[in-house]
Amino acid sequence: MLIPAEQVSAHRLLIVTGHYGTGKTEFSVNLALDLAKAGEKVMLADLDIVNPYFRSRERRDLLQAAGVRVISSSQECSDADVPAIPAEVLTVLEDRSYRGILDIGGDPDGARVLARFQPKIVTEDYQMIFVSNANRPEVRTAANAISYMRCIEEVTGLKCGGIVNNTHLCGETTPEEICKGAALAEEISKETGIPLLCHTAVETLKDKLGCLNGPVYPITIQMKKPWEK
Amino acid sequence: MEKELWKGNEAIAEAAIRAGCDCFFGYPITPQSEVPEYMSLHMPEHGKVFVQSESEVAAINMVYGAAGAGMRAMTSSSSPGVSLKQEGITYIAGAELPCVIVNCMRGGPGLGTIQPAQGDYFQATRGGGNGDYRTVVLAPSNVQEAVDFVQEAFDIADQYRNPVVVLADGLIGQMMEPIVWHEVPKRKLPPKDWATTGKHGRDHTNVVNSLYIDPAECDDHNHHLDAKYAEITKNEVRFEERDCDDAELVFTAYGTPARIAITAIEQLREEGYKVGLFRPITLWPFPEKPLHELAAAGHVKQFLDVEMSSSGQMIDDIRLAVEGQKPISFLGHAGGVMPTVEEMVEAAKKALKEAK
Numbered sequence: 100m101l102i103p104a105e106q107v108s109a110h111r112l113l114i115v116t117g118h119y120g121t122g123k124t125e126f127s128v129n130l131a132l133d134l135a136k137a138g139e140k141v142m143l144a145d146l147d148i149v150n151p152y153f154r155s156r157e158r159r160d161l162l163q164a165a166g167v168r169v170i171s172s173s174q175e176c177s178d179a180d181v182p183a184i185p186a187e188v189l190t191v192l193e194d195r196s197y198r199g200i201l202d203i204g205g206d207p208d209g210a211r212v213l214a215r216f217q218p219k220i221v222t223e224d225y226q227m228i229f230v231s232n233a234n235r236p237e238v239r240t241a242a243n244a245i246s247y248m249r250c251i252e253e254v255t256g257l258k259c260g261g262i263v264n265n266t267h268l269c270g271e272t273t274p275e276e277i278c279k280g281a282a283l284a285e286e287i288s289k290e291t292g293i294p295l296l297c298h299t300a301v302e303t304l305k306d307k308l309g310c311l312n313g314p315v316y317p318i319t320i321q322m323k324k325p326w327e328k
Numbered sequence: 092m093e094k095e096l097w098k099g100n101e102a103i104a105e106a107a108i109r110a111g112c113d114c115f116f117g118y119p120i121t122p123q124s125e126v127p128e129y130m131s132l133h134m135p136e137h138g139k140v141f142v143q144s145e146s147e148v149a150a151i152n153m154v155y156g157a158a159g160a161g162m163r164a165m166t167s168s169s170s171p172g173v174s175l176k177q178e179g180i181t182y183i184a185g186a187e188l189p190c191v192i193v194n195c196m197r198g199g200p201g202l203g204t205i206q207p208a209q210g211d212y213f214q215a216t217r218g219g220g221n222g223d224y225r226t227v228v229l230a231p232s233n234v235q236e237a238v239d240f241v242q243e244a245f246d247i248a249d250q251y252r253n254p255v256v257v258l259a260d261g262l263i264g265q266m267m268e269p270i271v272w273h274e275v276p277k278r279k280l281p282p283k284d285w286a287t288t289g290k291h292g293r294d295h296t297n298v299v300n301s302l303y304i305d306p307a308e309c310d311d312h313n314h315h316l317d318a319k320y321a322e323i324t325k326n327e328v329r330f331e332e333r334d335c336d337d338a339e340l341v342f343t344a345y346g347t348p349a350r351i352a353i354t355a356i357e358q359l360r361e362e363g364y365k366v367g368l369f370r371p372i373t374l375w376p377f378p379e380k381p382l383h384e385l386a387a388a389g390h391v392k393q394f395l396d397v398e399m400s401s402s403g404q405m406i407d408d409i410r411l412a413v414e415g416q417k418p419i420s421f422l423g424h425a426g427g428v429m430p431t432v433e434e435m436v437e438a439a440k441k442a443l444k445e446a447k
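Chains A and B supply the protein sequences, listed in that same order.
Residue 100 is where the first sequence starts when you use the numbering used here, and the numbers rise one by one after that.
Residue 92 is where the second sequence starts when you use the numbering used here, and the numbers rise one by one after that.
Straight-line C-alpha distance at most 27 Å; calculated DSS-like pairs for lysine-lysine:
1) B:K365 / A:K324
2) B:K279 / B:K325
3) B:K94 / A:K279
4) A:K324 / B:K441
5) B:K440 / A:K323
6) B:K365 / A:K328
7) B:K94 / A:K323
These stretches of chain A come out as covered by chain B in the derived footprint (C-beta under 8 Å, 3 or more residues):
8) 176-183
9) 316-328
Just so you know, these hints were derived from the structure itself, not from any lab.
Here a beta-carbon is modelled for each residue, glycine too, at the ideal position from N, C-alpha and C.
All chains should be modelled from the sequences, with the hints used to inform the complete structure.
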């Protein structure tokens with residue numbers, strides 16, 4: 100069953116976390132673009148203070164053209180690896196007219212950035228999402244993935260409220276890979292009681308996913324490498 | 092075998108562990124910091140040594156010491172940090188010790204930028220330190236190659252008792268790609284009977300040193316090194332030719348620009364242009380002879396060198412190999428800007444048009 104972005108989660112603030120390399124940024128950028136297209140007033144906060152490359156802010160022009168307001172760490176010098184958070188980030192937390200997507204850097208280290216905003220976030224309608232990718236060696240078992248999730252919860256003081264199966268192998272992703280990831284995500288969900296919100300798949304694979312039970316949110320690859328058309 | 096998704100830097104670190112790296116000494120610098128980070132977590136699990144040194148200079152000298160004691164030793168850094176290591180590298184080359192040095196290049200000169208670049212070609216292939224020495228330089232153009240080359244680098248270093256540099260750019264260190272952990276061919280290696288691990292009843296004491304105070308002795312030592320470099324040049328040259336059989340224009344590129352060139356070539360071929368790629372994999376020893384022969388082919392009208400460097404560095408070696416047989420044009424960006432597929436397509440079309 101295919102679902103649009105607006106059905107992935109009903110919460111106002113979506114906080115996208117996970118082990119690094121699971122595809123949090125791709126998921127966040129897609130959600131922001133699709134929600135904006137669906138007429139919502141969207142702000143994307145790229146709070147990745149861990150990675151120097153492949154961050155949402157690299158798609159700032161595309162996002163802004165689609166009507167998404169973008170704020171990012173080290174905003175005035177977006178190519179620097181300075182873990183500076185602009186005061187503007189408070190807008191997404193305080194201005195309830197915005198649908199906010201917070202793209203967080205990988206691992207508990209990356210999630211630490213949220214801790215100082217925790218008292219504000221808990222008063223808002225938020226959902227922290229744990230992105231799962233069964234092809235990342237450090238989080239390929241449910242036990243390891245749950246351990247990462249718990250560490251992120253501990254560092255941030257926030258509770259994870261949803262799981263997304265974003266299993267991929269970049270351009271080599273097959274339906275079998277996504278189904279393999281579904282089994283992992285379902286296991287994480289079963290053991291923690293946290294609902295599996297959706298699986299993701301690129302548009303071209305969306306009709307080949309008969310193996311999946313839950314809803315599929317179709318995405319378009321935006322975070323391309325320089326040789327990818 | 093099952094594919095896994097790895098970030099370049101962590102894959103480089105894991106590859107070193109799988110190759111039996113005993114000691115890693117490093118200092119953080121973007122865009123390679125995930126290498127020491129991964130090593131700090133995983134080397135102790137394997138009972139191996141990880142030290143975050145007080146500086147890059149300290150790290151390379153720790154490598155010098157560990158390599159002298161027969162350990163498989165490694166350090167990694169990015170451009171400004173590798174500059175700092177140059178003194179240590181020439182000492183290690185002079186003392187004929189094996190070690191592996193990974194450079195995830197960023198934009199320079201000086202502190203430059205943290206985005207990917209290729210401005211350290213001269214430093215890696217000409218020797219950034221003093222004296223007549225060479226380091227083997229392997230240039231991966233994807234994460235799989237980075238993983239394979241790092242593992243092989245330890246064997247090459249041990250075989251020739253020489254530093255081996257794996258020269259990647261920041262993009263290769265930072266990007267995620269699917270890889271397979273397949274077996275990398277192992278070499279038959281000589282025993283490390285020169286290592287300073289104690290006399291153990293030997294009749295002589297092993298000494299690790301690069302000081303040859305007597306001029307004649309130092310001259311001999313240099314000729315001995317030169318003979319070794321000739322042997323490496325004979326055995327270790329690697330390159331890739333792609334779509335060159337009928338190519339009128341041949342791109343020359345290594346690392347990330349070579350990857351971008353492949354897409355440009357696909358696009359140009361679709362439009363009917365005969366273009367190919369010559370990709371040096373060992374930057375030293377440089378694949379001089381094969382490139383010379385390709386330049387001699389009747390169908391090859393010209394070369395287009397593409398580098399992440401403002402006026403080109405590898406282009407000097409391309410010119411030496413082509414020896415004026417065919418014209419060479421250049422496309423480059425420095426300081427962290429990567430050439431695009433469109434730029435390459437346009438530059439190739441322009442060069443082909445001008446040739447007619």
